[in-house]
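**Q** In case you want the letters, here they are:
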Amino acid sequence: MNLSPSEFKSNARRAVHDQHLREKIKKATGTSLVKRAEVVGEIPEWEELRQEGHDRRKEVIDNLDRYIRTFTGTARDRGMIVHYAGTHDDATKIIYDIIRRTSVDTVVKSKSMITEELHLNAMLETNGIRVIETDLGEYIIQLAGETPSHITAPALHKSKEDIARLFQEKLNIPYTDDPVKLTAVARERLRKEFLNARVGISGVNFACADTGTLTIIENEANARLCTVLPDLHIAVMSIDKIIPSIDDLPLFLKLLPRSASGQRMTSYVSMINGPRSHHNPDGPRQVHVVMLNGGRLQLAKHPAWKESLYCIRCGACMNVCPVYQSVGGHAYGAVYPGPIGAVVTPTLFDMKEARELPFASSLCGACTDICPVKIDLHHHLLLERREIVDRGYKPFTEKIAMSVWRWFMLSPARFELAGRIGWVLQKILGKKLPLPGWTPQRQAPAIAAKSFRSLMKGDSKK
Amino acid sequence: MNNELLDLFQSRVNDMGGWCAIAGSSKEINSIIEEKYKLGEEEVLYSGRIVEQFNDLTVTGTDLTNISPDKRRDVMAGAKLGITMCDGLIAETGTAVLVNHIAEPRELSLLPERHVVIALSDQLYPTLDKCLEKIKNSYPAGKLPSITLISGPSRTSDIEKSLVVGVHGPVEFGVVVVDRGK
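Chains as they are written, first to last, in the working numbering: chain A, 1 to 462; chain B, 1 to 182.
The shape of chain A in the complex, shown without the other chains (with noise of 0.2 Å):
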């Protein structure tokens, strides 16, 4: 699979004729959908706290700049160490100098949608440090040598059959496909690296402007080893992760983890304040804040695309989505698959190279419905489109095509003809009227000799 979203129409095809990938990707999608609905359906209130949420979210991306000023004071003041960086090179190059001057090859690492955004193991690894992927899906994946395929879930496009393989073959154990066994090999063998690593890197859910508190929500406990145990800490995330105060995270927490995976909370939720320190009797002496631009502010300054940057990356538009679950994450060949991916990749990185993506998707509207901070995803995915066809980004032969389509739809009378056209065309073609990317799948449907409106005219004269 070519993972570029230029060559999202080919990896679509290819995944939607892969029976085994879609079944697995509709079993997942579906067991989160039925737990997520369980969960919230507990909570009266809960379009209320999703327009709270909704509020809180824009009121951080409404003033990006101020936020950005009062959290890298607090958290300094807490004795973090704040690092911007401006670029994506610029966070790597930051991150991989704090690694090099405490001289360790290896580093632990939970899950960060961000260091995937900045291809960050690729990075160290060049450089010759060893990362080691601490949440069980992403080891899964890491071992693969794939890329997440979901943001929340990134091995959901393998079966326990097919990590069962992948276990025997890497870590030399005999074939079980029992989670439950698996599992427990992951445990042991990364235990180890956990007692040992002198460095940690973590994303960040939350970041609380008023207090400098890091947020970090999980289930597997991973995140805690890695922000816990070692020395040093680097905690990675983008501008856009900032929440307002500290008293905004039991809302957060109340919309994050049902949206997520389905639970009123997740096992563990990390509410980090500062390195060791007199008040702060354990974990690492230093901790290191890299704070992503990569685009966002320019983005938060834009009327309508500065929505999509109230992401709080819970999926469920993912899960809930007719295109993701016939193709699965891989096909959009980016960092953000789904709706909410098919919004930010355009806008974010390169409109040119993901100008398939905003078609990608049925226009239904299940996304926005499912989103926890009210984003309006489906309109974003309209609008883009407009932006992509302003921009002359779809081929030449479809603006003919519609533009054709344009001058038969404004007068009735080129509507009428439009129909005969039609009918003397399937009379001489047969039934298989030739329109590319439409009747290969599907057959076109019968036109008939006599159209509505006549029909409906020779009423009005009896």
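By construction, these hints were calculated from the structure, which means they are not laboratory data. Backbone N, C-alpha and C define an ideal beta-carbon position, used for all residues, glycine too. Accuracy of the hints is not assured; some may be wrong.
Stated by the list, open to error - Reference excerpt, derived from the structure (chain A facing chain B, CB under 10 Å, subset only): (1) Lys-27; (2) Val-131; (3) Thr-134; (4) Val-180; (5) Ala-186; (6) Phe-194; (7) Ser-267; (8) Met-271; (9) Ser-277; (10) Asp-282; (11) Ala-448.
As the list claims (entries may be wrong) - Heads up, incomplete: computed chain B residues facing chain A, CB under 8 Å, no partners named: (12) Arg-12; (13) Ile-67; (14) Glu-107; (15) Asp-129; (16) Pro-153; (17) Asp-158.
Guided by the hints, dock chain B onto chain A, whose structure is given.
**A** Only chain B this time, still in chain A's reference frame:
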């Protein structure tokens, strides 16, 4: 003591794959834990904070503060059970809130094979916001230590969405609520 709240907390902890027992006095704590796990003195570690809190408490196990600092991590990693206090329980989600404490390092709730929290019944809150506010107000501005919310044992659903309990953290999690008015 609000019994409805305690019932809700108990059922939420059970939902998360943990257990919750009520002790009528601090003396009952040990019998609950012993009955549950039947572990020896060497296998159980408890925090110095527990000793500060309950002067009449006898728990089979070793006080972590009596172990020399450079050996603590290895001892914790080898322990079958770590026992800590907490700074609040949340009924809505079955959560224990642990504030980083000098006599109760975060590793003690993380490295041993199992983790048991001892809480007082007046530490129970309906929701997280109430508890967090109380904690925040009890420290001077800028001096808030790190906080960990714990709801059940460590878990994963990364393999075909099937739940496996016990990944990198404790494989079992329990709460003993000491309700002196019981």
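**Q** Work down the list of hints and note, for each, if the structure agrees.
**A** Hint by hint, here is what the structure shows:
Hint on A:Lys-27 holds. Least Cβ distance to chain B is approximately 7 Å, under the 10 Å limit. A least Cβ separation of about 17 Å between A:Val-131 and chain B goes past the 10 Å threshold, and the interface hint is therefore violated. A cut of 10 Å between beta carbons decides the hint on A:Thr-134: the least distance to chain B is about 7 Å, and the hint holds. Taken as an interface hint, A:Val-180 checks out: its beta carbon lies about 5 Å from the nearest beta carbon of chain B, inside 10 Å.
Proximity of A:Ala-186 to chain B holds as hinted, the smallest CB-CB distance being about 7 Å (cut-off 10 Å). At a threshold of 10 Å, the smallest CB-CB gap from A:Phe-194 to chain B is about 7 Å, leaving the interface hint in force. For A:Ser-267, the interface hint holds, since its Cβ comes within 10 Å of a Cβ in chain B; the closest pair sits about 5 Å apart. For A:Met-271, the shortest C-beta to C-beta distance to chain B is roughly 4 Å, which falls under 10 Å, so the interface hint holds.
Hint status for A:Ser-277 relative to chain B: holds, with the closest Cβ pair at about 9 Å, below 10 Å. A cut of 10 Å between beta carbons decides the hint on A:Asp-282: the least distance to chain B is about 4 Å, and the hint holds. Because the closest C-beta pair between A:Ala-448 and chain B is about 48 Å apart, greater than 10 Å, the hint is violated. With 8 Å as the threshold, the beta carbon of B:Arg-12 comes within range of chain A, its nearest partner Cβ sitting at about 7 Å, so the hint holds.
Interface restraint check: B:Ile-67 against chain A, minimum CB-CB distance 14 Å, threshold 8 Å, status violated. About 6 Å separates the beta-carbon of B:Glu-107 from the nearest beta-carbon of chain A, less than 8 Å, and the hint is met. With 8 Å as the threshold, the beta carbon of B:Asp-129 comes within range of chain A, its nearest partner Cβ sitting at about 4 Å, so the hint holds. For B:Pro-153, the suggested interface contact is upheld, since its CB lies about 7 Å from the closest CB of chain A, less than 8 Å.
Contact between B:Asp-158 and chain A, as hinted, is supported at the beta carbon level, the nearest pair being about 4 Å apart and thus within 8 Å.
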